[in-house]
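**Q** This is what each chain is made of:
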Amino acid sequence: MATRPRKLKFAAGVVIILFTLAWLGYSGIQESKTYYVTVTELLAASDASHKRYRVAGDVSPGSIQRVEGRVRFQLHQEGNVLPVVYVGSTPLPDTFQDGAEAIADGRYQADGTFHAETIQAKCASKYEPAAASAPAVSANETPTPPGNY
Amino acid sequence: MESVASFALLLAFVLTLYAFAASVLGAMRRKELLQYSSYRATAAVCALVTVAIGCLAYALLTDDFRIAYVAGHSNRALPWYYKITALWSGQEGSLLFWSWLLSAYGMLAVWLNREKHRAMMPYVVATLAFVQGFFLTLNVFIANPFQLFAMNVGGQMVVRGPLDGNGLNPLLQYPAMAIHPPLLYLGYVGFTVPFAFALATLLTQQAGEKWLVTTRRWTMVAWLFLTMGVILGARWAYAVLGWGGYWGWDPVENASLMPWLTGTAFLHSVMMQEKRGMMKVWNMVLIFSTFLLCIFGTFLTRSGVVSSVHAFAQSAIGPFFVTFLGISILFCGWLILERLDYLKSHQQLDSLVSRESSFLFNNLLLLAACFSVLWGTLFPVISEAVQGVKISVGAPFFNKVNIPIGLLLLFLTGVGPLFAWRKSSLGSLRRNFLMPGIVSLAIGAALFALGVRQLYPQISFILCAFVALTVFMEFYRGARVIRQKSGGSLLVAAVTLTQRNTRRYGGYIVHFGIVLMFIGFTGTAFNTTHEQEMRVGDQMEIGRYRLKLLELTETDNPNYGSAHAVLALYQGEKQLSVLRPERRLYKASRQPTTEVAIRPRLNEDIYIVYAGMSEEGGAVITAHINPLVNWIWIGGLIVVLGTIVALFPSRPGAGTIRGKGRTVVLEEQTEANHKDEVLAQENA
Chain B
1 MATRPRKLKF AAGVVIILFT LAWLGYSGIQ ESKTYYVTVT ELLAASDASH KRYRVAGDVS
61 PGSIQRVEGR VRFQLHQEGN VLPVVYVGST PLPDTFQDGA EAIADGRYQA DGTFHAETIQ
121 AKCASKYEPA AASAPAVSAN ETPTPPGNY
Chain U
1 MESVASFALL LAFVLTLYAF AASVLGAMRR KELLQYSSYR ATAAVCALVT VAIGCLAYAL
61 LTDDFRIAYV AGHSNRALPW YYKITALWSG QEGSLLFWSW LLSAYGMLAV WLNREKHRAM
121 MPYVVATLAF VQGFFLTLNV FIANPFQLFA MNVGGQMVVR GPLDGNGLNP LLQYPAMAIH
181 PPLLYLGYVG FTVPFAFALA TLLTQQAGEK WLVTTRRWTM VAWLFLTMGV ILGARWAYAV
241 LGWGGYWGWD PVENASLMPW LTGTAFLHSV MMQEKRGMMK VWNMVLIFST FLLCIFGTFL
301 TRSGVVSSVH AFAQSAIGPF FVTFLGISIL FCGWLILERL DYLKSHQQLD SLVSRESSFL
361 FNNLLLLAAC FSVLWGTLFP VISEAVQGVK ISVGAPFFNK VNIPIGLLLL FLTGVGPLFA
421 WRKSSLGSLR RNFLMPGIVS LAIGAALFAL GVRQLYPQIS FILCAFVALT VFMEFYRGAR
481 VIRQKSGGSL LVAAVTLTQR NTRRYGGYIV HFGIVLMFIG FTGTAFNTTH EQEMRVGDQM
541 EIGRYRLKLL ELTETDNPNY GSAHAVLALY QGEKQLSVLR PERRLYKASR QPTTEVAIRP
601 RLNEDIYIVY AGMSEEGGAV ITAHINPLVN WIWIGGLIVV LGTIVALFPS RPGAGTIRGK
661 GRTVVLEEQT EANHKDEVLA QENA
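Chains as they are written, first to last, in our numbering: chain B, 1 to 149; chain U, 1 to 684.
A portion of the hints provided could be inaccurate.
Said to hold, decoys possible - In silico DSS-like pairs for lysine-lysine, Cα to Cα no more than 27 Å straight-line: (1) B:LYS33 to U:LYS390; (2) U:LYS275 to B:LYS51; (3) B:LYS9 to U:LYS280; (4) B:LYS7 to U:LYS275; (5) U:LYS344 to U:LYS423; (6) B:LYS9 to U:LYS423; (7) B:LYS7 to U:LYS280; (8) U:LYS423 to U:LYS275.
In short, the hints are calculated from the structure, not lab data. From a predicted model like this one, the values you see are computed outputs, not experimental measurements.
Go ahead and model the full structure; you've got the sequences and the hints to work with.
**A** Laid out in structure tokens, this is it:
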């Protein structure tokens with residue numbers, strides 16, 4: 001029975017594949033790993049310039065400027081302000097507006113600005129209303145509930 | 001209305017509990033009547049949940065904003081078909097939808113199999129009832145879609161809704177989005193049925209492989225829907241999200257991919273069990289994991305555990321899902337360990353160059369892909385638990401791992417089906433692979449000469465050619481044999497061939513579809529993007545094209561207001577077409593969206609986004625050229641077609657004249673060839 005070398009060959013194949021994939025995965029993680037922080041945490045971090053960050057904060061109203069095709073704005077949280085320059089290529093999301101809750105992915109620069117490569121934003125007014133806190137309807141407006149029985 | 005629905009749901013919940021208890025008791029005490037009553041209960045549950053979801057649909061269609069769910073996900077001006085889709089656009093509705101589909105699947109599974117699989121049926125019903133019970137618990141107690149608005153009017157609480165609803169998320173107001181979630185859910189939910197059969201098999205220790213056929217068929221049905229759902233989701237992302245791509249390794253996308261990967265692995269390795277009695281434990285693990293990943297996917301999509309910064313805070317359903325998953329994993333794990341003896345296989349691997357080994361590597365790779373996706377998706381959760389910091393990984397991680405996996409899988413797609421069981425002879429290898437190998441390498445050389453220099457795309461194109469040729473050769477060889485015996489054209493013979501062994505040739509069609517999809521994926525390597533601020537009359541150069549902004553217009557309708565940028569597309573001096581990318585502001589939700597303008601062609605798409613107005617008053621236009629992307633959708637269609645072919649029962653006598661006493665001479669030729677090979681080797 002020649003099962004032993006056969007099994008060995010098979011195992012070798014499996015091991016090579018898995019190791020290669022693990023190595024690729026490891027380097028992929030190193031390349032793209034992003035730390036989740038808030039504006040306050042980022043400003044407090046000591047060696048902030050080496051890593052990729054995903055910063056969460058609110059877009060300061062009135063701070064969005066478009067200069068020479070670049071979008072600059074400020075993220076704020078608990079009184080801390082972070083100047084951000086958007087350096088990405090895709091169009092900014094439609095929900096990116098004054099006061100929106102935004103998440104910026106990118107790197108912190110030595111000059112104190114944050115270069116964001118992608119930006120996600122959640123419109124401040126668009127939260128799923130809890131059933132209790134319904135939109136205000138004044139008492140004399142009577143909605144007609146059809147099919148009520 | 002809502003009281004009828006709520007009552008129906010509550011009654012369905014009670015009947016589900018009854019179905020569970022009656023089926024288990026009926027099986028243990030061998031009381032047939034009790035078993036039958038549990039089958040009836042399953043049907044009643046289906047009817048009741050149908051009533052509930054019917055009520056919700058009616059409430060949506062009639063703008064019954066007293067119901068919080070309707071007010072939160074619809075509005076008066078919404079077209080009626082999108083009102084229906086609002087049914088599954090929110091958490092409560094989509095969970096009810098899950099329940100409904102499960103009850104329908106459950107009833108169908110019971111109805112079709114109650115005579116065929118008498119002994120295991122009670123356990124199938126019990127499993128289905130257990131899962132149904134979980135979802136009905138959510139529907140009734142946690143995320144009830146029939147909650148009403150109560151308002152304080154003159155010191156009294158009165159049920160009264162707002163005048164108009166908040167509207168459906170504009171991103172969901174797109175035709176593909178109307179059918180994408182139902183298909184995805186049909187896939188997710190569908191995997192419950194094979195799971196129930198597998199579990200019942202283990203519990204009752206069925207002899208024989210009859211259950212396997214049933215399980216495989218149901219898996220194929222679920223897989224078909226899941227495939228359609230995933231592809232339509234990609235299509236939706238491409239046409240609606242406006243970033244020029246179709247797959248962003250988003251947690252929700254990943255959630256739908258993971259069960260697809262394990263389901264695909266099962267559909268392949270199940271053949272090892274059918275033909276060689278191998279991999280029994282492994283197949284159980286695969287079918288269990290697929291089901292669990294479906295539940296996990298629903299959980300990821302609905303609980304916001306990963307994408308949200310505040311895990312669990314958004315939704316009350318998280319802990320319930322975790323508990324349900326925990327119980328299921330423990331039970332499945334325990335059951336497999338308990339039944340290891342029953343699952344013992346007496347066969348072993350004979351050769352590295354065999355069908356078995358290609359399946360093993362196929363499984364290894366699919367599982368590695370699934371694991372990497374799971375790992376990457378949960379990385380923020382894992383890193384927070386281990387290191388205390390939340391770290392996410394992005395597309396580079398997923399691409400780095402999964403592109404090589406995809407290419408290796410593509411390679412196996414070509415060689416695997418042509419390897420013989422047990423061991424392939426050198427002669428058969430030469431016969432099967434020499435021509436495709438040489439031709440595909442020649443195509444690779446030609447592409448290199450044309451300027452394709454990147455490693456992965458180059459490999460991918462060569463492999464695509466290789467796999468396509470092997471598939472083509474299989475059809476050609478089989479069809480030629482049939483034509484020799486019965487005449488007619490090669491095309492008719494190929495159809496006959498397919499009818500005789502739908503599973504085999506349907507599988508080849510699926511593989512061919514996958515090849516086309518890979519061609520589309522590879523095109524991504526050659527994408528180009530250009531963004532420019534434009535005023536009326538301005539021009540933009542991109543690739544061999546030129547875009548000229550003709551005008552900026554505005555229109556309005558009750559649902560949304562919109563602004564168009566009208567652009568003429570030129571190649572040289574010739575005007576090819578006029579494109580109208582659009583920006584909309586939806587009135588009910590006050591949410592702006594971008595509507596992409598696409599000029600689809602088989603060689604490349606021109607994809608234009610009207611990104612907005614700059615401070616200086618110019619229109620910001622982003623243009624993408626996406627080569628070959630349409631082959632993904634075409635390939636997807638062929639995958640679906642192939643799966644449907646494979647679902648039809650084979651007709652071994654197809655193509656022969658029936659009733660004339662003529663014996664069926666023609667067997668499944670290629671299958672026979674392989675058997676001959678095996679025999680020849682054994683004799684040697």
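**Q** Work down the list of hints and note, for each, if the structure agrees.
**A** Taking the hints in turn, this is what the structure says about them:
At roughly 10 Å between alpha-carbon atoms, B:LYS33 and U:LYS390 fall within 27 Å of each other, so this suggested pair holds. Between U:LYS275 and B:LYS51, the direct Cα distance comes to roughly 52 Å. Violation of the 27 Å bound is thereby established for this hinted pair. Of the supplied pair hints, the one linking B:LYS9 and U:LYS280 holds, its CA atoms being roughly 23 Å apart against a limit of 27 Å. For the proposed pair B:LYS7 and U:LYS275, the alpha carbon gap of about 21 Å is at most 27 Å, so the pair holds.
The hinted pair formed by U:LYS344 and U:LYS423 meets the criterion: a straight-line CA distance of about 23 Å does not exceed 27 Å. Restraint check for B:LYS9 and U:LYS423: satisfied, since their Cα atoms lie roughly 15 Å apart, inside the 27 Å limit. Between B:LYS7 and U:LYS280 the alpha-carbon distance is near 19 Å, which keeps this suggested pair within the 27 Å criterion. Distance check on the hinted pair: U:LYS423 and U:LYS275 sit about 14 Å apart at the alpha-carbon level, within 27 Å; holds.
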